[in-house]
Amino acid sequence: MVKLLGSVEIESVKPLIMELKFILKRIRQSPLSIIGISIIVFYIILAILAPVLAPPEPGRDPYIMPSYGISPVPKPPSKQAIWGTTEGQYDIYYGCIWGVRTAFRTGIIITVGSMIIGILIGCISGYYGGKVDEIMMRITDMFYAIPTIVLAMAIVVLLGIGLDNVIKAMIIVGWPTYARLMRAEVLRIKNEDYIEAARAIGCSDFRIMVKHILPNAIYPVIIMASMNIGNVVLAASALSFLGLGSPAGYADWGAMIALSRNWILGLPGNPLAFWHTYIIPGLFIFTFVLGWNLLGDAFRDMLDPLIRRR
Amino acid sequence: MEGNPVLKVENLVVRFYTYEGVVKAIEKVSFFLREGEVLGIVGETGCGKSVTALSVMRLTPHPGRIENGEVYIKTDDGLVNILEKDEKYLEKIRGRYISIVFQEPGAALNPLYKIGDQIAEVLLIHRRLNYYKRALKVIEDKIWRENSSFKRRILSMQRKVCKMLIENPNSTLASILLKLPLISGLKKLIEQEVREDVIMILRDMGLPDPERVYNMYPHELSGGMKQRAVIAMALACNPKIMIADEPTTNLDVTIQAQILQLIKDLREKLGSSIIYITHDLGVIAELCDRVAVMYAGNICEVANVYEIFKNPLHPYTKALLESIPRPGRPFKSIPGTIPNLINPPPGCRFHPRCKYAMDKCRREVPRLIKVGEDHYVACHLVRG
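Sequence order for the protein chains is Y and P. FYI, our numbering numbers position 44 of the first sequence as 45, with every residue one higher than the one before it. FYI, our numbering numbers position 284 of the second sequence as 304, with every residue one higher than the one before it.
Any given hint could turn out to be false.
[To be verified] Here are the computed lysine-lysine pairs in the DSBU-like style, where the Cα-Cα straight-line distance is at most 30 Å:
1) K105(P) with K132(Y)
2) K171(P) with K199(P)
3) K212(Y) with K112(P)
4) K199(P) with K212(Y)
5) K207(P) with K212(Y)
6) K108(P) with K207(P)
7) K44(P) with K132(Y)
8) K105(P) with K212(Y)
9) K134(P) with K207(P)
10) K132(Y) with K108(P)
11) K338(P) with K28(P)
12) K26(Y) with K134(P)
13) K289(P) with K28(P)
14) K380(P) with K390(P)
15) K134(P) with K212(Y)
16) K289(P) with K94(P)
17) K208(P) with K153(P)
18) K28(P) with K330(P)
19) K132(Y) with K112(P)
20) K212(Y) with K208(P)
21) K108(P) with K44(P)
22) K171(P) with K207(P)
23) K338(P) with K375(P)
24) K48(P) with K380(P)
25) K212(Y) with K108(P)
26) K390(P) with K28(P)
27) K180(P) with K212(Y)
28) K48(P) with K105(P)
29) K134(P) with K22(Y)
30) K212(Y) with K153(P)
31) K183(P) with K212(Y)
32) K44(P) with K352(P)
33) K284(P) with K330(P)
To be clear, the hints were calculated from the coordinates, so they are not data collected in a lab. It should be emphasised that the depicted structure is a prediction, and the values quoted were computed from it without experimental measurement.
Go ahead and model the full structure; you've got the sequences and the hints to work with.
Below is the structure:
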């Protein structure tokens, strides 16, 4: 403790704690952030408690939904399957609960994967400039030129159908956004005087990139990623719905809606006969994506120095 | 005639390849810097002072290229022409033998790191080995005094890693080992050693309460304190040469005086040679031993500071001295503007603005000739 000015203690203010307090205050002020955070926290709890809420049969892959028969016609909620069954008698409740884990896995792996590739390419491209930049950015433009879902579908077909390949394909189509954002930030920061100063004290290019540019440039990318997780899950669900993702019976919301494709129109005279087969997984996808998008906004409010102090 | 130069620049030519054309920013600039002296470089904005300074460190900003010339820097292996060396070698030179202080102290500090850590970075880049050795000594000392055999085992593990680092400072294995628990104590030890040195340097810079400043971020410091921190960064490894690129231009007058005093004191204490770039002739008179006057990418006069003020020979130097505002006299400026360096005037670059311009000035480029003890002029009017 340093004492200056008589007995006033200067060092008693801890910046980290002040910062945390400020962020908490910021979150409390905006109801949408609270909703977003509570949705995601709720889903995290669901994912952790999945084996308790929907215990898998011992010895079986827990991600495969249990099936209660061979009839293709979905059954309404009953004692055995509390939210009913979908085509092939798969348990909807079980599928939705374990689907949370699948959603987190796909969303986070895809986002982190494409973020890492994007940061790497954006950093190198922005830092070195010139021909390297030109080549790398034209390649990203090529990826941009083709609609995302179509390109992802083509890649999945090329690699073979399956959830892992959907993840790979989404990473391949996802990185250009991050690369561009990162490059823009690097271009701005590499002209700052402190980069010149770092070079003047003998830092190598690698050190300047990793220690001086990256920490200054990464915030917009992180915010972007947090806002993107929802969309990525949505796109992965779409691919599953189209039959490119997980095999039938896998606990994946997109694939579950795909199973209900034939039953969306219901029976003649009763269009809502099989509502539970598509509404329930649909609600899960909807709230999950909503939660991430709201959380992304909350992150931006917390981290973006231009917006936060207003 | 040159005494014992620590820096020698010969026929330096720098050009900028822009969309509008080739900017001939520096044309055949030659000068030298003696050990322990302060060389001032004066000139108008855009005459190539800063480009010269950056080119001497081979940090020429982007569209610029060093086309020709030699830049010798005195290192432990004697004078080395750095224009022939590769980037790896330059990284070793920069910060250790030659360093630079920029104009805007706030912008030269990375906003994300503590002041102390930024200075520590310089030391860790250039003096790593030194700190590893010091850490090794401390560990060996500790091992002797340690009674518990378990702790002694940990310490000897740390000693092993430390020896690995001394043998090969870039060893990947050792840097991974440093991150492991138990061994990471060594890392803390090294950091502690560096920290002590940084605090000493900060104290030398006249910063009050250096332990506290170490943990502060750049935005928490005032302009003068920031500039002191930047100078600390530049001088951390005791470089032979320090380039100060208008370090006081953005500070107010009282702080400016303090920083100038600091530079003076440090020069005497450390014996560094300084290149001081400014457009303020008052500062030159106060601080420098010799002055080089630059105009449009050429050096037009070099002399010791008394000669420049008493006996200026080049018309541009005279005009520059006359344009210092003085009480009771009307403002006087040099008519015309600095020429466009894409198409510089032929012959002497100053002739369109020169009162004494002759026919020869339009045709021939004047060479720098010796006119007296330590006095060189590039003008057709002057004969050696």
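Outcome of the hint check:
1. Using a Cα cut-off of 30 Å, the hinted pair K105(P) and K132(Y) holds, with the two alpha carbons roughly 24 Å apart.
2. At most 30 Å may separate the alpha-carbon atoms for a hinted pair to count; K171(P) and K199(P) meet this at roughly 18 Å.
3. The straight-line distance between the Cα atoms of K212(Y) and K112(P) is roughly 18 Å, inside the 30 Å bound, and the hint therefore holds.
4. Restraint check: the Cα-Cα separation between K199(P) and K212(Y) comes to about 17 Å, which is no more than 30 Å; the hinted pair holds.
5. A threshold of 30 Å between alpha carbons decides the hint, and for K207(P) with K212(Y) the separation of about 18 Å falls inside it, so the pair holds.
6. The straight-line distance between the Cα atoms of K108(P) and K207(P) is roughly 26 Å, inside the 30 Å bound, and the hint therefore holds.
7. Among the hinted pairs, K44(P) with K132(Y) is consistent with the structure: their alpha-carbon atoms are about 25 Å apart, no more than 30 Å.
8. A threshold of 30 Å between alpha carbons decides the hint, and for K105(P) with K212(Y) the separation of about 25 Å falls inside it, so the pair holds.
9. At roughly 18 Å between alpha-carbon atoms, K134(P) and K207(P) fall within 30 Å of each other, so this suggested pair holds.
10. Taking the CA atoms of K132(Y) and K108(P), the gap is about 22 Å. The hint holds against a cut of 30 Å.
11. About 27 Å separates the Cα atoms of K338(P) and K28(P), which keeps this hinted pair within 30 Å; it holds.
12. In summary, the hint linking K26(Y) to K134(P) is supported, as the alpha carbons are separated by about 26 Å, within the 30 Å threshold.
13. Taking the CA atoms of K289(P) and K28(P), the gap is about 23 Å. The hint holds against a cut of 30 Å.
14. The straight-line distance between the Cα atoms of K380(P) and K390(P) is roughly 19 Å, inside the 30 Å bound, and the hint therefore holds.
15. For the hint pairing K134(P) with K212(Y), the CA-to-CA distance comes to about 13 Å; that is within 30 Å, so the pair holds.
16. The suggested pairing of K289(P) with K94(P) holds, with an alpha-carbon distance near 19 Å, which does not exceed 30 Å.
17. Under the criterion of a C-alpha separation no larger than 30 Å, the hint pairing K208(P) with K153(P) is consistent with the structure, at around 14 Å.
18. A threshold of 30 Å between alpha carbons decides the hint, and for K28(P) with K330(P) the separation of about 26 Å falls inside it, so the pair holds.
19. This hinted pair checks out: K132(Y) and K112(P) have alpha carbons roughly 27 Å apart, not beyond 30 Å.
20. A C-alpha spacing of about 19 Å is found between K212(Y) and K208(P), which places the hinted pair at or below 30 Å, so the restraint holds.
21. Only pairs whose Cα atoms come within 30 Å are accepted, and K108(P) paired with K44(P) is accepted, the gap being roughly 28 Å.
22. Proximity of K171(P) to K207(P) is assessed by CA-CA distance (about 16 Å); at most 30 Å being required, the pair is judged to hold.
23. Of the pairs offered as hints, the one joining K338(P) and K375(P) holds, with about 11 Å between alpha carbons and a cut-off of 30 Å not exceeded.
24. Taking the CA atoms of K48(P) and K380(P), the gap is about 20 Å. The hint holds against a cut of 30 Å.
25. Of the supplied pair hints, the one linking K212(Y) and K108(P) holds, its CA atoms being roughly 18 Å apart against a limit of 30 Å.
26. Taking the CA atoms of K390(P) and K28(P), the gap is near 17 Å; set against the 30 Å cutoff, the hint holds.
27. Distance check on the hinted pair: K180(P) and K212(Y) sit about 28 Å apart at the alpha-carbon level, within 30 Å; holds.
28. Restraint check for K48(P) and K105(P): satisfied, since their Cα atoms lie roughly 20 Å apart, inside the 30 Å limit.
29. For a cut-off of 30 Å, the pair hint linking K134(P) to K22(Y) stands: about 22 Å separates their Cα positions.
30. Note on K212(Y) and K153(P): the hinted pairing holds, with a Cα-Cα distance of about 25 Å set against a maximum of 30 Å.
31. Between the alpha carbons of K183(P) and K212(Y) the distance comes to roughly 26 Å, so the proposed pair stays at or under 30 Å and holds.
32. A hinted pair counts as satisfied when its Cα atoms are at most 30 Å apart, and K44(P) with K352(P) qualifies at roughly 29 Å.
33. Restraint check for K284(P) and K330(P): satisfied, since their Cα atoms lie roughly 23 Å apart, inside the 30 Å limit.
Against the hints set out earlier in the document, no violation occurs for any number.
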